[in-house]
Amino acid sequence: MVVVPEFLIRRIYQKGSLKKLENGASVVLKNVLGPGLISGFNYVKINDVVFESKDVKFITNGKEVTGTEVSEENPVVFRLGQSGTLIMSGQECIVEGNNKIVIEALNPEAGIVQLTAEDNV
Amino acid sequence: MEITFDRYSLMVDGKRVFIKSGSFHYFRTPGVEMARDRFLKMKAGGYNTVDIYFNWNYHSKKQGEYDFSGIKDVRKVLEEAKKAGLYVIARPGPFINAEVNAGGLPFWLLKMEDVVPRNRIGTTYKYSSKYMEYVKEWYDQIIPIIRDFDNVILFQIENEYATDTMEEDYMRELYKMARERGIKCPIFHNDAYFAGLWADCVDIYALDLYPYINPNQNWKQDNFCFDTLDNVEDVFRCAKEESPPFIAEMQSGWFDKWDGSGYKHIREALGDEHINIMTKTAISQGVTLFNHYLAVGGTNWDDLACDEVYTSYEFTAPIDEFGVPQSNFYKAKELNYFLDSFDLTMTEPKELDFYQENIYAKLRHDLINDCDWLFIRNMNQDTTGVNVLEKSIQLKPCDMKICPINLELKGCDIEFSDAEIFAQLNNSKEEAIFFISDKDAKICLSDGTIISADQKDYENFTFEREGKTTQIIFLTKHLADRSWFLGDRIIFNADYVLPNGAIAVDKNTEVAYFDLQYKFGKRNCIVTEFNKPQTLEQLEIANVEFCSPEIDLGYDYSAWKKISGKTDAFSCDMYDEFIWYKAQIPDNLTEITLSARHLFAVYINGKEIINRNSYKLEKLQEVPETLSVPLNKEILNRDKNELTILVQNLGFDKGFSGDTNNPRGLVIFETTPQVPIEFYVCEKLALERGYKKESDNPYLAKITVNFDTEIKDDVFFAKYISFEDFRCRRATIYLNGVKIGRYIKRRHVQDKFYLINEFLKPHNRLDIVVWEKDRNVKSAWGFKSDLKDVKILLGTFKICQLFK
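Read top to bottom, the protein sequences are chains R and P. 1 is the number of the first residue of the first sequence in this note's numbering; add one for each residue after it. 1 is the number of the first residue of the second sequence in this note's numbering; add one for each residue after it.
No lab work stands behind these hints, which were simulated from the structure alone. Some hints could be false.
Unchecked claim - Pair ranges (Cβ atoms, derived):
no.: 1; chain 1: R; residue 1: 112; chain 2: P; residue 2: 68; range: 39 to 45 Å
no.: 2; chain 1: R; residue 1: 64; chain 2: P; residue 2: 165; range: 34 to 40 Å
no.: 3; chain 1: P; residue 1: 63; chain 2: R; residue 2: 43; range: 43 to 49 Å
no.: 4; chain 1: P; residue 1: 302; chain 2: R; residue 2: 32; range: 53 to 59 Å
no.: 5; chain 1: P; residue 1: 674; chain 2: R; residue 2: 73; range: 43 to 49 Å
Said to hold, decoys possible - Restricting the straight-line Cα-Cα distance to at most 30 Å, the calculated cross-link-like pairs of lysine-lysine (DSSO-like) are:
no.: 6; chain 1: P; residue 1: 220; chain 2: R; residue 2: 63
no.: 7; chain 1: P; residue 1: 126; chain 2: R; residue 2: 15
no.: 8; chain 1: P; residue 1: 791; chain 2: P; residue 2: 804
no.: 9; chain 1: R; residue 1: 30; chain 2: P; residue 2: 350
no.: 10; chain 1: R; residue 1: 100; chain 2: R; residue 2: 20
no.: 11; chain 1: P; residue 1: 76; chain 2: P; residue 2: 761
no.: 12; chain 1: R; residue 1: 30; chain 2: P; residue 2: 519
no.: 13; chain 1: R; residue 1: 100; chain 2: P; residue 2: 126
no.: 14; chain 1: R; residue 1: 19; chain 2: R; residue 2: 30
no.: 15; chain 1: P; residue 1: 257; chain 2: P; residue 2: 684
no.: 16; chain 1: P; residue 1: 220; chain 2: P; residue 2: 522
no.: 17; chain 1: P; residue 1: 126; chain 2: R; residue 2: 45
no.: 18; chain 1: P; residue 1: 257; chain 2: P; residue 2: 61
no.: 19; chain 1: P; residue 1: 784; chain 2: P; residue 2: 798
no.: 20; chain 1: R; residue 1: 54; chain 2: P; residue 2: 616
no.: 21; chain 1: P; residue 1: 640; chain 2: P; residue 2: 62
no.: 22; chain 1: P; residue 1: 798; chain 2: P; residue 2: 76
no.: 23; chain 1: P; residue 1: 130; chain 2: P; residue 2: 561
no.: 24; chain 1: P; residue 1: 561; chain 2: P; residue 2: 439
no.: 25; chain 1: P; residue 1: 72; chain 2: P; residue 2: 522
no.: 26; chain 1: P; residue 1: 745; chain 2: P; residue 2: 257
no.: 27; chain 1: P; residue 1: 752; chain 2: P; residue 2: 784
no.: 28; chain 1: P; residue 1: 456; chain 2: P; residue 2: 439
no.: 29; chain 1: R; residue 1: 57; chain 2: P; residue 2: 126
As the list claims (entries may be wrong) - Which chain P residues stay away from chain R? Per the calculated CB distances, all over 12 Å, these:
no.: 30; residue: 120
no.: 31; residue: 150
no.: 32; residue: 166
no.: 33; residue: 195
no.: 34; residue: 213
no.: 35; residue: 227
no.: 36; residue: 390
no.: 37; residue: 463
no.: 38; residue: 511
no.: 39; residue: 618
no.: 40; residue: 673
Think of the CB as a built atom: it goes at the ideal place given N, C-alpha and C, for glycine as much as any other residue.
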């Protein structure tokens with residue numbers, strides 16, 4: 001069971017932010033829930049393509065971190081109202097029209113937080 | 001009492017009231033006398049309301065059976081709250097969380113067919129009419145009691161509830177059920193996600209706020225934890241424009257867990273700065289109803305705890321588990337007295353053009369006192385100078401102040417003060433305003449007079465205007481902590497004071513009084529009985545005996561309950577901390593595989609095979625463990641071998657992030673080769689079942705000590721036993737037959753156990769049941785001899801004499 005209901009987690013995803021990059025994609029997240037920390041990125045899945053932690057970068061507050069650098073000891077501060085761009089690289093994943101996105105991250109208090117969203121390109 | 005509200009505040013019989021509430025768990029602070037003691041201390045500390053969870057599971061062990069007698073008599077608890085002059089916020093769930101066993105849902109309910117607890121599976125909504133039937137049964141029991149008390153001003157349905165799809169049927173039905181059963185006061189729900197949830201289903205929108213839930217976090221550095229609180233007025237206004245901002249649970253402490261960092265660490269980490277910031281920031285956001293969760297710590301005696309927490313539920317509350325006011329109580333008291341002195345129930349935010357890094361500033365206009373209040377907070381690591389509204393203010397790290405601006409008094413007007421107001425005594429002609437001394441602060445009067453707040457105790461300044469007088473009197477922080485505002489007078493230099501004026505001191509003390517008629521007076525309180533410092537007393541061990549006859553070969557268990565198939569607690573219908581399993585197993589088994597929650601031991605033919613602590617919680621989820629134990633002919637040395645398993649259940653999941661239905665007891669049991677096993681089961685330890693004969697095996701041993709306690713009406717005391725030098729790994733503690741604690745050696749182990757006053761008698765018997773591992777047992781005789789040398793120390797947390 002997750003602590004936070006899905007519909008609330010989904011609010012973090014900025015609708016319309018999905019962009020196709022060369023050999024990858026990016027999305028924008030905005031923390032509208034409450035102050036918190038991200039203590040890990042497990043994976044990002046766009047359609048059927050899975051990006052492991054090492055292939056995920058998060059840029060927020062002027063800093064860029066790779067998914068593998070984020071841990072409970074080295075969390076990313078994600079304040080209320082703060083935005084961040086999540087960049088996935090290494091694989092083509094975007095299809096024209098509707099795309100299914102799953103982002104699985106970790107929070108020290110809530111544990112695994114899974115965000116599912118759909119977006120058009 | 002008629003309770004109404006508008007966008008500013010609650011109104012009781014038409015009069016605005018600032019609700020200063022604190023949570024109290026009657027089930028963790030059992031008995032009328034303990035409730036009375038804690039309520040009177042809350043009232044003396046300026047709280048005007050007590051928030052009470054009603055724990056369904058505590059009152060109902062079987063479907064249709066309810067116990068509201070003896071220490072479970074909630075009517076008496078409510079009577080004491082009323083006598084203490086406290087309003088009540090009633091929160092009967094049905095689910096309450098509160099880190100209680102199964103979140104307060106009765107065990108029998110969880111195993112009922114077609115019942116979906118709380119109408120949700122995970123966060124997926126699934127309406128269960130059967131569940132609602134049982135909720136009605138609970139409401140039918142509890143609401144008639146609550147309804148009888150006109151000091152109940154608010155009623156909560158459910159607790160921190162959400163589903164993925166947010167169907168409203170459940171919440172609307174609870175609301176309707178409460179109304180149909182006669183609840184007249186406003187109904188609310190506490191939204192844990194501060195997202196406006198259920199605002200349309202209730203009268204008043206409320207939310208819970210806990211910025212510090214990770215004891216490894218340094219909130220003083222990571223000050224972003226207040227982001228939500230700093231903007232909470234917007235959340236309230238968006239959720240329900242016309243209801244008053246209400247923080248149903250506002251953090252005043254936090255709970256520790258098994259493998260946690262210990263209450264000492266949490267108390268030091270929070271300090272008294274945290275409650276100061278929480279409460280003042282809330283007021284700066286227009287909040288006029290708050291509830292400090294918790295105001296009073298408690299004890300998880302008997303089987304009250306969920307699996308996550310240990311015996312102490314101290315919670316670093318303002319009044320601790322033992323009933324002793326702590327430094328955050330003094331800070332809360334200071335704020336409560338201020339709110340008693342100046343009515344802040346109608347304020348509006350006022351524009352303030354200000355920015356400084358790590359400084360929070362908020363200005364509010366007070367529609368009642370026709371003045372402004374500046375709320376200013378420093379989250380820098382050093383003392384910081386702040387220039388705001390053309391005033392210069394020095395703020396210590398993590399300090400927050402409420403500064404009056406253009407406050408009209410009887411004999412003078414305060415243009416600005418960054419010295420904080422402690423309390424005000426007032427009549428039609430004169431007033432005395434007590435300020436807290438502060439070497440960096442000053443009071444600026446509108447006539448240009450500037451009074452430094454760097455003053456000694458009782459230094460005072462008098463101002464007169466048109467036959468009316470204002471006296472400004474200073475108190476140092478130390479004296480303010482020991483000062484007690486009783487509406488028409490202040491009593492200084494007491495450990496605590498009860499609302500009836502009774503003074504508690506722990507040593508010979510000169511107590512001072514002030515009221516507007518007689519001004520200052522003094523009185524000596526001579527404590528004659530406990531002038532010597534309290535030291536730990538080593539208790540003499542009266543007896544050691546082995547107490548697990550269930551493990552003995554040939555023990556007659558034929559009267560136990562026979563179980564075929566599943567062996568978990570629900571399947572056995574046994575919910576006690578200890579469950580015994582007995583069975584015959586053949587001699588050809590090569591292995592058994594088992595999973596048990598949470599601690600267990602396996603004995604074959606009276607010998608221990610494995611003793612294991614399987615408790616593990618990660619990321620708020622339990623981590624089940626399954627083990628295989630190899631067997632051989634040496635172990636299975638008979639044709640029919642006697643298997644005994646003892647499982648210790650530390651409690652069911654509280655149901656916030658996990659599932660209350662997660663199984664307990666013996667969850668998996670398989671043999672290799674597979675053979676059907678017929679178990680006989682029984683709950684509780686032998687001594688709880690009244691079995692007196694000593695057992696042959698040494699695996700569970702009972703240490704008995706006796707001690708006397710002097711119980712007097714005019715003495716408050718809190719006693720404990722210390723396991724500081726205790727050499728055993730696990731123990732369960734019984735005071736006069738009541739289970740009062742679980743000791744399990746961990747990193748930050750709880751080593752002091754409160755001897756709950758309710759269960760103390762003049763002559764006391766303490767039984768400590770030790771459950772040791774086999775490898776530590778050299779011989780039964782040697783083990784017994786070792787236990788006779790165990791140190792059990794009796795101590796006193798606090799002792800005060802009360803003077804009327």
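*Determine which of the earlier numbered hints do not hold for this structure and return their numbers in increasing order.*
The structure breaks hints 4, 8, 12, 16, 19, 21, 24, 25, 29, 30, 32, 33, 34, 35 and 39; every other hint is satisfied.
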